[in-house]
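Student: Sequence:
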Amino acid sequence: MAVSHLTKSFAKQSPPALDDIDAAIPKGEIVGLAGPDGAGKTTLIRLIAGLLIPTAGTITVDGFDTIKDAAKIPYLIGYMPQKFGLYDDLTVRQNLNLYADLRGVIGSEREAVFKKLLNFTDLVPFTERLAGALSGGMKQKLGLACALIKKPTLLLLDEPSVGVDPISRRELWRMVHELLEEGITVLWSTAYLDEAERCDTVLLLNEGKLLYYGSPTELTKRVDGRVFRIEKISNNRRKVLVNALQQKNVIDGVVQGNDVRLVMRGKAPVDLTPLDAGPQAIAVSATPRFEDAFIDILGGGPGGISELAEITPRITTEDKTVIDVEGLTKRFGSFTAADDITLKIKAGEIFGLLGPNGAGKTTTFKMMCGLLKPTAGEAFINGVDLQKASSEARAHIGYMAQKFSLYRDLSVDQNLEFFSGIYGLYGKQKSDIINQMIKIFDLKNYLDESAELLPLGFKQRLALSCAVMHHPSVLFLDEPTSGVDPITRREFWNHMYGLVEKGVTVMVTTHFMDEAEYCDRIGLVYRSKLIKVGTPDALKEEAKTKENPHPTLEDAFINLIEEYDSHNQNAFFNHRGTEAQRRGKEE
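Each residue of the sequence shown is one higher than the one before, starting from 186 at the first, in the numbering used here.
If you are wondering where the hints come from, they were derived from the structure by calculation, not from laboratory data.
Treat the hints with caution; some may be incorrect.
To be verified - Derived DMTMM-like pairs: lysine to aspartate or glutamate, alpha-carbon spacing no greater than 25 Å straight-line: (1) Lys717 <-> Asp750; (2) Lys300 <-> Asp286; (3) Lys624 <-> Glu602.
Claimed, not checked - Restraint-style ranges between C-beta atoms, simulated for each label pair: (4) Glu563 <-> Ile291: 53 to 61 Å; (5) Gln599 <-> Phe520: 38 to 46 Å; (6) Pro454 <-> Pro734: 22 to 30 Å; (7) Asn630 <-> Tyr272: 43 to 51 Å; (8) Ala453 <-> Gly606: 48 to 56 Å; (9) Glu403 <-> Pro454: 20 to 28 Å; (10) Thr243 <-> Gly488: 34 to 42 Å; (11) Ile490 <-> Gly606: 28 to 36 Å; (12) Gly399 <-> Pro200: 20 to 28 Å; (13) Ser470 <-> Ile490: 25 to 33 Å; (14) Gly606 <-> Pro734: 50 to 58 Å; (15) Lys558 <-> Thr192: 51 to 59 Å; (16) Gln599 <-> Glu732: 52 to 60 Å; (17) Gly488 <-> Glu602: 23 to 31 Å.
Heads up, the beta-carbon is just placed ideally off N, CA and C, and yes, glycines get one too.
Can you make the complete structure from the sequences, with help from the hints?
Tutor: Here it is in structure tokens:
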């Protein structure tokens, strides 16, 4: 596939969505398409698929022009869109039948293709299940199967792993690598830069321009000798990060378990003096990652100061339990979605709730913040029972849902007005906080825009602003950064760090393992049970082996699940069956 001088403009007054892009995608490779939110990734994929017409330039697939030979392009391309492009009220088989009809796959060929794809995606036991009742990972597998009904020359995957747990992500990668053996070329758009790092070639877009085209390894070399890890920190590691990000020679930094990882502007050693990391702290060289180079080529991260935290009143941070959960259980008929969950979370703590798709963590999460009534057990927020005094308890809570939870048909301004009223804000107090949210989250240019039409990063900003405008003491965040780029993710976590320093308690679910490293403690939910609680570093320590002496948190996640399965071989469902059934019940 070749792209030559490709430009796409949607309005004369606005900068082009894509600006003079030149690239050639090698046959039989996985090519990663990376870039911040709004960089032009989806626009490029839609142009290649023939769903949009270029303003200038050309695209050819297997020698055929997407405009001059438009009738031939659908037979060369498989396309899996960013949003689940299937029909929730049709079964797995009915969705496959629909796509087979559209692609002209009939008779014995159809049955042979179905058999191959269902085995390939492990969906054989679920052919009669409604697509809407599948877990996130299984939906993505079905979407991939439908894109492969007719074997394509080029497979376009637009962020296929958003909202998918690490186990399902690995399965998707396994399946895609098998496709390469059949000579299929894959263009994989992603917000996860560890995925981009696995690709053969990477296209890096920003504001419609091509910043880099080549091997991810070559790009990573630009930060060789400039990445360090601050170890043996005895003081508050989040404050160490904030202090570091205020230094001119630091362009990026993240919390990594008990340590802080920094990317420097040059190769000069890290000056620990202004970081207040404690007398034993040391800076050691760290292996560069593709994400480090990504942030570097974009000019650095967003810094470490949170304006949101600056306007948030300080909460008394006594050493007390703020979230107290005892024996929470949820049954749907004879099916148990969450089983005897017990947790205590202290003031000013960031607690991460992890688990595979369909494991029961969203059910647990909803019970903990009062959105779902438990079958058994109790949940207390600041000592207030969520069931007996729900209004009083919820006044302490800010909630940001897994799926965009605001009113899509209302404008940004209307959503801010509505939620401020819901939280009992009136008069000058209401107008002041709305103006503060607009300024802090840079929403001024979008006030009259429908929430549905916002770029993903701004949707998340709006959702967060509506969750915190009443200054809650507890924040529940259900996959708050799913699908957003690393710059937006860092901006989001800067706010979380600042709020926690003011005494706010944060509970978060995430599938992004690097993000889970930012938490003080992690709880792993699997097969409806809370099977493990510990710090990120403690969980990684348990996963160490001779073969893998430096495991990632993703390695630890998968290791704990495999270990649990090995001790529970007689469990009533295998993982895949449990995943599908639970997701169906939760929906």
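Student: Please go over all the hints and tell whether each is borne out by the structure.
Tutor: Consistency of the hints with the structure:
1. Lys717 <-> Asp750: holds, 13 Å
2. Lys300 <-> Asp286: holds, 16 Å
3. Lys624 <-> Glu602: holds, 15 Å
4. Glu563 <-> Ile291: 53 to 61 Å: Holds: the Cβ-Cβ distance is about 58 Å, inside 53 to 61 Å.
5. Gln599 <-> Phe520: 38 to 46 Å: This hint holds: roughly 39 Å between Cβ atoms.
6. Pro454 <-> Pro734: 22 to 30 Å: holds, 26 Å
7. Asn630 <-> Tyr272: 43 to 51 Å: violated, 35 Å
8. Ala453 <-> Gly606: 48 to 56 Å: This hint holds: roughly 52 Å between Cβ atoms.
9. Glu403 <-> Pro454: 20 to 28 Å: holds, 26 Å
10. Thr243 <-> Gly488: 34 to 42 Å: Because 41 Å falls inside the window, the suggested range holds.
11. Ile490 <-> Gly606: 28 to 36 Å: holds, 30 Å
12. Gly399 <-> Pro200: 20 to 28 Å: About 25 Å separates the Cβ atoms of Gly399 and Pro200, which means 20 to 28 Å holds.
13. Ser470 <-> Ile490: 25 to 33 Å: Check passed, 27 Å falls within 25 to 33 Å.
14. Gly606 <-> Pro734: 50 to 58 Å: Given about 55 Å between the Cβ atoms, the range holds.
15. Lys558 <-> Thr192: 51 to 59 Å: Distance hint for Lys558, Thr192 holds at roughly 54 Å.
16. Gln599 <-> Glu732: 52 to 60 Å: holds, 56 Å
17. Gly488 <-> Glu602: 23 to 31 Å: holds, 30 Å
Going down the numbered hints, you'll see the structure goes against just number 7.
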